[in-house]
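**Student:** What follows is the residue order along each chain.
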Amino acid sequence: MNKDKLLFEKSTRGSRTLRLGKLDVPPADLSALPAGSLRQKAPMLPEIGELDLVRHYVLLSKKNISITDSFYPLGSCTMKYNPLTNEAIVQNPGLADLHPAEDDGRVQGALRIMKTLADGLAAITGLPGVTLHPAAGAQGELTALLVAHAHFHASGQSQRTKVLIPDSAHGTNPASAVIAGLEAVEIKSGEDGLVDLEDLSSKLGEDTAVLMITNPSTLGLFETNIAKISEMVHAAGGLVYMDGANLNAIMGIARPADFGVDMMHINLHKTFSTPHGGGGPGAGPICVTEALESYLPSPRVVEEENGLRLDYDSPRSIGMLRGWAGNFGVLARAYSYMRRLGAEGIRRVAENAVLNANYLRTQLSDAYHVPYDRMCMHEFVCNNRKQREHGIHALDVAKRLIDLGYHPMTIYFPLVVSEAMMIEPTETESKATLDAFIADMLLIADEAKNNPEKLHAAPVTTPVGRLDEARAVKQPVLRYASSS
Amino acid sequence: MRPDDRHYLSSHEWIKISGETGIIGITDFAVEELSSGNEGDLVYCDLPEVGRVLENGETFGEIESVKAVADLNTPLAGEVSEVNTAIEDHLEIVAEDPWERGWMIKIKLSNKDTGKLLSAAAYEEILAKQS
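Just so you know, the protein sequences line up as chains A and B, in that order. According to my numbering, the first sequence is numbered sequentially starting from 1. According to my numbering, the second sequence is numbered sequentially starting from 1.
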């Protein structure tokens, strides 16, 4: 079967989707081009008939897995339903066909969307300075660290170069610190999975720039000492940055500014329901305190007597991190989501996300070991401790889930739990879906004990079985090389 | 019981002292933690140049598996005198034999004070608590 072949491999000389008529204009004179710029051979583009081309893409699309066809409890990724209303709204030509360089006066509606979205994020976080500029969460982190650096530089505290990061953090946190030219310092977790206050205290000082904290943490636990932690960082002269990856658990209930957060990012492509996975586009706006607002990237939408405009006049700004004013299509979808829910709905999202996660946790904690088995937020972490004696790893459980029709949970993160399986159901799943998932997870636990080979052999329902992950890392083949 | 002819760190490195030289590697537990059931799961190891001077506890490299990346820390201070180039493209050696053939670096010790390091028994106690 040639179903799994690339378009290049399916190519047959002379096949076409469209046949152009005879050239009825004079051919262009290319003699003015330098010889080196003139192609001597035709490019090796695939040649294929229209029906075969359509089949190629339809077959590929059938191999895709998304939230629209299966439960997708990928912890830390907030794979909630992406409402179709969002898509209908952004397909409006008044939004979809805008050019980012359009005169402000002609795009008042689009600017209103951006302004209202920014105001909403400020209300949710309690932080009044908002930039919609960053294209993803990690770029939001970098933006905030550059803002902090600019703030310390302006106030004669350039010696503040250390960024304190708990050991349960997302890997992007230390990466952002290094890219910002700062130094990442690890803070230990205590036995309860929360930040170890003694370790934090011993690492705070004159050189502390920022504490980057994820709350709720990647273990799905609310940092109950967060107010005290912020106080300690502020007393040492540092700033508190919150990785907003897990905002879905607390929005509309707890405002980060109220527990001492100075800056944070929000993943609109997670918390605010815009599509993600597959590389974007995303949006990672950041919200900051009034004291830091003047350092935010430009342009930002400002409102004046005669309307809204993009303001480029911000002399203290750290500048631009990407082109134009943000990923507008993502911003518009997030706006649609926020307006549809309203303040009350936003709170209900968080409540149901926490309820769903705790339902799964309590139903699964007999069959799977839950290292921090107490009330969790929007997600929880279990591991293979009860399956280990049968030679079952987190990877085997995940692969078996594929055969049962699920996208697996996140595995091997956070690193502080050995063989972690991180489950985040989100608020958009029904109790029936959760019950079916629980039944299948219990089935897997039973198979781990009585038929471990079944787990080792999974997946068997996919186009390919176990992939050689080690070889994929060591010898990645990233482009097609023609044999002819 | 793990070999008691050497000293351990709670971050799963071992050092074996032989005269003025310290031989450093990682434990079988570290290998197991980094792997997900296949001996080919270790994919990359970044080791230092010969001549680099390391302080007590300093990170001298990192090891990557299909699951995670982990720092490699030296139990004692010293100057790197030899690097096990045999493992660089053959990390399965570390997986098969972390205690002998899978060693990572040798250092010329500038400090032989093993007072703060763990004995094999103390290391196993820590492992018992973790699992």
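Since the hints were derived computationally from the structure, they do not count as laboratory data. Hints should not be assumed to be uniformly reliable.
[Unchecked claim] A short list of chain B residues far from chain A (calculated; beta carbon distances all over 12 Å): (1) I17; (2) L47; (3) N56; (4) A68; (5) K108.
[To be verified] Straight-line C-alpha distance at most 20 Å; calculated DMTMM-like pairs for lysine to aspartate or glutamate: (6) A/K474 - B/E58; (7) A/K474 - B/E100; (8) A/K454 - A/E389; (9) A/K228 - A/E183; (10) A/K474 - B/D71; (11) B/K129 - A/D373; (12) B/K112 - B/D89; (13) A/K386 - B/D71; (14) B/K129 - A/E206; (15) B/K116 - A/E206; (16) B/K16 - B/E100; (17) A/K188 - B/D89; (18) A/K474 - B/E82; (19) B/K129 - A/E389; (20) B/K129 - A/D196; (21) B/K116 - A/D199; (22) A/K188 - B/E39; (23) B/K129 - A/D167; (24) A/K203 - A/E191; (25) A/K474 - B/D89; (26) A/K386 - B/E32; (27) A/K454 - A/E427; (28) A/K188 - B/E82.
[Said to hold, decoys possible] Have a look at the derived ranges for each label pair, beta carbon to beta carbon: (29) B/Y44 - A/D104: 37 to 43 Å; (30) B/E124 - A/N451: 45 to 51 Å; (31) B/N111 - A/A481: 35 to 41 Å; (32) B/E92 - A/A481: 24 to 30 Å; (33) B/K112 - A/R385: 23 to 29 Å; (34) A/Q157 - B/N111: 54 to 60 Å.
Since we're looking at a predicted model, the values are computed, not measured. Every residue, glycine too, gets a C-beta built ideally from N, C-alpha and C.
**Student:** Indicate, hint by hint, whether the structure satisfies it.
**Tutor:** Status of each hint after checking the structure:
Non-interface status of B/I17 relative to chain A is upheld: no Cβ of that chain comes within 12 Å, the nearest being about 28 Å off. Here B/L47 stays apart from chain A, with its beta-carbon at least about 16 Å from theirs, past the 12 Å limit. No Cβ of chain A comes within 12 Å of the Cβ of B/N56; the nearest lies about 17 Å off, and the non-interface call holds. For B/A68, the condition that its CB be more than 12 Å from all CB atoms of chain A is violated, with the nearest at approximately 6 Å.
With a cut of 12 Å on Cβ distances, B/K108 stays outside the contact zone with chain A, its closest approach being about 28 Å. Between the alpha carbons of A/K474 and B/E58 the distance comes to roughly 27 Å, so the proposed pair goes past 20 Å and is violated. At roughly 25 Å between alpha-carbon atoms, A/K474 and B/E100 are farther apart than 20 Å, so this suggested pair is violated. A C-alpha spacing of about 16 Å is found between A/K454 and A/E389, which places the hinted pair at or below 20 Å, so the restraint holds.
With a C-alpha separation of about 24 Å, the suggested pair A/K228 and A/E183 falls outside the 20 Å cut-off, and the hint is violated. At roughly 19 Å between alpha-carbon atoms, A/K474 and B/D71 fall within 20 Å of each other, so this suggested pair holds. A C-alpha spacing of about 17 Å is found between B/K129 and A/D373, which places the hinted pair at or below 20 Å, so the restraint holds. Proposed proximity of B/K112 and B/D89 is contradicted: the alpha carbons are some 31 Å apart, above 20 Å.
Under the criterion of a C-alpha separation no larger than 20 Å, the hint pairing A/K386 with B/D71 is inconsistent with the structure, at around 28 Å. A hinted pair counts as satisfied when its Cα atoms are at most 20 Å apart, and B/K129 with A/E206 does not qualify at roughly 36 Å. For a cut-off of 20 Å, the pair hint linking B/K116 to A/E206 is broken: about 29 Å separates their Cα positions. In summary, the hint linking B/K16 to B/E100 is supported, as the alpha carbons are separated by about 10 Å, within the 20 Å threshold.
Our distance criterion of 20 Å between C-alpha atoms is broken by A/K188 and B/D89, whose separation comes to about 33 Å. For the proposed pair A/K474 and B/E82, the alpha carbon gap of about 25 Å is over 20 Å, so the pair is violated. Between B/K129 and A/E389 the CA atoms are separated by roughly 17 Å; this keeps the pair inside 20 Å, and the hint holds. A distance of roughly 18 Å separates the Cα atoms of B/K129 and A/D196; the hinted pair therefore holds under the 20 Å criterion.
For the suggested pair B/K116 and A/D199, the alpha carbons sit about 19 Å apart, so the restraint of at most 20 Å is met. The straight-line distance between the Cα atoms of A/K188 and B/E39 is roughly 30 Å, outside the 20 Å bound, and the hint therefore fails. Using a Cα cut-off of 20 Å, the hinted pair B/K129 and A/D167 holds, with the two alpha carbons roughly 19 Å apart. Between A/K203 and A/E191, the direct Cα distance comes to roughly 19 Å. Compliance with the 20 Å bound is thereby established for this hinted pair.
With a C-alpha separation of about 10 Å, the suggested pairing of A/K474 with B/D89 holds against the 20 Å cut-off. A distance of roughly 16 Å separates the Cα atoms of A/K386 and B/E32; the hinted pair therefore holds under the 20 Å criterion. Between the alpha carbons of A/K454 and A/E427 the distance comes to roughly 32 Å, so the proposed pair goes past 20 Å and is violated. With a C-alpha separation of about 32 Å, the suggested pairing of A/K188 with B/E82 is violated against the 20 Å cut-off.
In this structure the supplied range 37 to 43 Å is violated for B/Y44 paired with A/D104, their Cβ-Cβ distance being about 50 Å. Between B/E124 and A/N451 the CB atoms are about 33 Å apart, so this pair departs from the stated range of 45 to 51 Å. Taken as a hint, the range 35 to 41 Å is violated for the pair B/N111 and A/A481, whose Cβ atoms sit roughly 52 Å apart. A C-beta distance of roughly 28 Å is found between B/E92 and A/A481, which places it inside the suggested range of 24 to 30 Å.
Against the hinted window of 23 to 29 Å, the Cβ-Cβ separation of B/K112 and A/R385 comes to about 38 Å, which falls outside the hint. Distance hint check: the CB atoms of A/Q157 and B/N111 are about 36 Å apart, inconsistent with the given range 54 to 60 Å.
Hint compliance for this structure: hints 4, 6, 7, 9, 12, 13, 14, 15, 17, 18, 22, 27, 28, 29, 30, 31, 33, 34 are broken, all remaining hints hold.
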